[in-house]
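Trainee: Listed below are the residues making up each chain.
There are 2 protein chains.
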Amino acid sequence: MDELRLRLDVNNMMADAIGEHGITDAELEAVVPKAAEAFDYFAKNRGTGMMGWSELPYNQDEVVKELLEVAAFVRAKFKNFVVLGIGGSALGPIALQQAINHMHYNELSDQKRNGPKLYVEDNVDPERMAALLDVIDPKETCFNVITKSGSTSETMTQYLIIFDILKKALGDKAVDNIIATTSADKGNLIKLVKSEGFRSFIIPDGVGGRFSELCPVGLLCAAVCNIDIKKLLEGAAYMDKMCSEADIYKNPALMAAAMQYIAMGKGANISVMMPYADSLKYMADWYCQLWGESLGKRVDLNGNVVYAGQTPVKALGVTDQHSQIQLYTEGPFDKVITFLAVDNYRTDVTIANGCEDIAAVNFLCGHTMQELIKAEQLATEYAVMKSGKMSHTITLPVVNEFTVGQLLFFYELETAYAGAMLGINTFDQPGVEEGKNATYALLGRPGYEEKKAELDARPAKNSKYII
Amino acid sequence: MDELRLRLDVNNMMADAIGEHGITDAELEAVVPKAAEAFDYFAKNRGTGMMGWSELPYNQDEVVKELLEVAAFVRAKFKNFVVLGIGGSALGPIALQQAINHMHYNELSDQKRNGPKLYVEDNVDPERMAALLDVIDPKETCFNVITKSGSTSETMTQYLIIFDILKKALGDKAVDNIIATTSADKGNLIKLVKSEGFRSFIIPDGVGGRFSELCPVGLLCAAVCNIDIKKLLEGAAYMDKMCSEADIYKNPALMAAAMQYIAMGKGANISVMMPYADSLKYMADWYCQLWGESLGKRVDLNGNVVYAGQTPVKALGVTDQHSQIQLYTEGPFDKVITFLAVDNYRTDVTIANGCEDIAAVNFLCGHTMQELIKAEQLATEYAVMKSGKMSHTITLPVVNEFTVGQLLFFYELETAYAGAMLGINTFDQPGVEEGKNATYALLGRPGYEEKKAELDARPAKNSKYII
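The listed protein sequences derive, respectively, from chains A and B.
No gaps in the numbering here: position 57 of the first sequence is 57 in my numbering, and each next residue is one more.
No gaps in the numbering here: position 147 of the second sequence is 147 in my numbering, and each next residue is one more.
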């Protein structure tokens, strides 16, 4: 498997390569003890509390067996598979599907697709719900309702609407069209599993939303779409082993975390993920939640107000060379760019001959699209380096379940390490409560009368500032 | 039409609403003269040089007629319409299609769709090209090749591959399957138009890529997909009129530009666009190019090194409440959030009864999805305001061609004003040359031997930093 090992190259983070806005060897050496502490903290606490996700590559033999059985049932019985979930329940499934399966999966013939169509519904826009119902027949559709607490308003809204439609169409048999993925003993969805009799999978206690892709949250959807979930977990375990030392020079996730930690200290409050492959496009979305929600914290573990966090940005190579590279090369020294490169794309297309009289085009002929996209990746890396901006590159030998498993686990580890170095709680999200409570108040949920009164008492807006 | 007028609300940018990290009345008053100068500069120069885009709402009667004729021909003859373009040639078409047409447009039956399927190919990933060819028959497909210069490597690569396939399949008739959108007299694509005999539309000289959505670049694709391009241009003209005064309190684009200018000065190097509608999701991508590439500049017009630019970030409400709001509320004071709100979605879905024993869910029942998404938008605006972070809201009464026309033109004007206030060249992109040239060198384009030598002479990477 070593030929499928991911590689991290941080040369272009360093002052040696990019000049005064880079990281010096001395700066890197200075954080080595802190990085080692973060490593120890994680090593000591992994598998406990909200770090249960770290053991997912190892403790799911039984679950995987059951997932594959249920997936086979779904594949045999249903034409569509719809994920009802939001945040961590949606971003991983979308990213993995895009990475592994055909780029126009839903448009393939049934035979070529060889599995149900997939829709991931991660919003409560009524136009979107109506559009979904225009293209699927709920009777022929399996709905995977994913929420740990069973009180996520968006997901439960979708559930209420869909289960009502199913009951009207199928009566008692509607139950067969729902699979719930939720907490084992607390929360509302597990109550419904018991009262309605839905099939279900468990989200383990120590697995938060943004760390849940490698548990049934992500695995069921993947298995239904014929993605090899065993290989995915093997890839994660492989990365875990790659990151088993406290030495940053032997632990890529720890090195990356140390680099970002130093960069943040130097004013890089932005982290761009720029994959050079359409297949990895939505990995950036998954990363944005993981990094943003984990590190964006007002206070540290000692209660000091720190307003920590680096804003994640998604980009796509080569596409965004024509959108963002002007800013990245000429704009402020405020960001770290992560390029995701690929050694071998799964197919290639030769650029045909033509335009013999146009030198500015004809030089392309005879090259392949792989050569072009890889040249552009290297060239952009070079241009960003020359502009003095920080970047680093993670290379996937090829995009498959094993390498994507590595990538997912790499980022989960990097996030855990970076959070430990920042001294914040990496695994909570207290900042989302205010908005949730205000929503409850606006919709008249009992118990939120006080919040409603607070909202009603807002000072009137100044009409001068409304144009 | 006034009931379809966009509204800008900047109350939550102000210190009165959000406290110490907000903008004071005095700070705003202090930039009024600069804003007025920017207004005058634009008013004086509009329609000239690279500001030709400002007249697109007014000078295209003939072009629109021709576009509608060609669109009718395409709609009658072809099953698919593929845009071959990148950057400004792709982002606008994608954004507009998502805003106006069905969210699963390509999956609808031919009858319901009532027009060809649409694909916008804005990358050179070979896997993606192969995937496209799996789902379309090129013989039944019209390809719109869009590049002003005709030397955009990505677009010309796609053109070479596709035209070769078409010639092999159709012989001389292959020409009918290509429409070129390009510069009238310079560049390579217009040469091909003349030598091959392709149908063509002209990109006017004063219209740069990121300001091109309202010229044939965006309009042909829209017309083919049955989008009312006249209403779109009327919306743009309407916004132009809304922004016809130098007084920031009477010119929403100027007010928004002034706000961003002040915010940048206070350290907000990030601008988030967060539409609360799946239909407006890709407006954020279009905005990211416009804002990032226009304002990200190393030097100002006097040659001073300024490293200007605010990094645009795309988000989606309510989806990204479960991904980014934790960071936005609890993280650093480094961003301005723009909410795009909608008064009336084009459809609604009632949340069915159920979960009678679960109070945390049952309160949703009887409400509609519109009520929920609008409550969440208000609640998030409130939470962001309470956290002391800057935001403002643009409200579209409804999403249609007229309001989207307003929105596009609003942002073009805001960008022009902001660039003028920063004193930079808003309309060039010198920073993309380095990467382009390095790509040419790597692929052996004649004339780039020196750059190739420079690349070959790069110091070896330090293996210590490769893990």
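Simulated from the structure, these hints should not be mistaken for laboratory data.
Honestly, I wouldn't trust all of these hints.
Copies of the same chain are indistinguishable here, so a pair counts whether it falls within one copy or spans any two.
[To be verified] Straight-line C-alpha distance at most 27 Å; calculated DSSO-like pairs for lysine-lysine: (1) Lys79 x Lys44; (2) Lys436 x Lys461; (3) Lys168 x Lys139; (4) Lys65 x Lys186; (5) Lys231 x Lys194; (6) Lys230 x Lys461; (7) Lys464 x Lys241; (8) Lys112 x Lys139; (9) Lys231 x Lys34; (10) Lys194 x Lys230; (11) Lys452 x Lys241; (12) Lys79 x Lys112.
Trainee: Decide, hint by hint, whether the structure agrees.
Mentor: Structure-based check of each hint:
{"no.": "1", "hint": "Lys79 x Lys44", "verdict": "neither (46 Å within a copy, 60 Å between copies)"}
{"no.": "2", "hint": "Lys436 x Lys461", "verdict": "within (22 Å within a copy, 49 Å between copies)"}
{"no.": "3", "hint": "Lys168 x Lys139", "verdict": "within (10 Å within a copy, 44 Å between copies)"}
{"no.": "4", "hint": "Lys65 x Lys186", "verdict": "within (24 Å within a copy, 63 Å between copies)"}
{"no.": "5", "hint": "Lys231 x Lys194", "verdict": "neither (32 Å within a copy, 53 Å between copies)"}
{"no.": "6", "hint": "Lys230 x Lys461", "verdict": "neither (55 Å within a copy, 35 Å between copies)"}
{"no.": "7", "hint": "Lys464 x Lys241", "verdict": "between (60 Å within a copy, 19 Å between copies)"}
{"no.": "8", "hint": "Lys112 x Lys139", "verdict": "both (23 Å within a copy, 21 Å between copies)"}
{"no.": "9", "hint": "Lys231 x Lys34", "verdict": "neither (33 Å within a copy, 59 Å between copies)"}
{"no.": "10", "hint": "Lys194 x Lys230", "verdict": "neither (29 Å within a copy, 56 Å between copies)"}
{"no.": "11", "hint": "Lys452 x Lys241", "verdict": "neither (51 Å within a copy, 39 Å between copies)"}
{"no.": "12", "hint": "Lys79 x Lys112", "verdict": "both (13 Å within a copy, 20 Å between copies)"}
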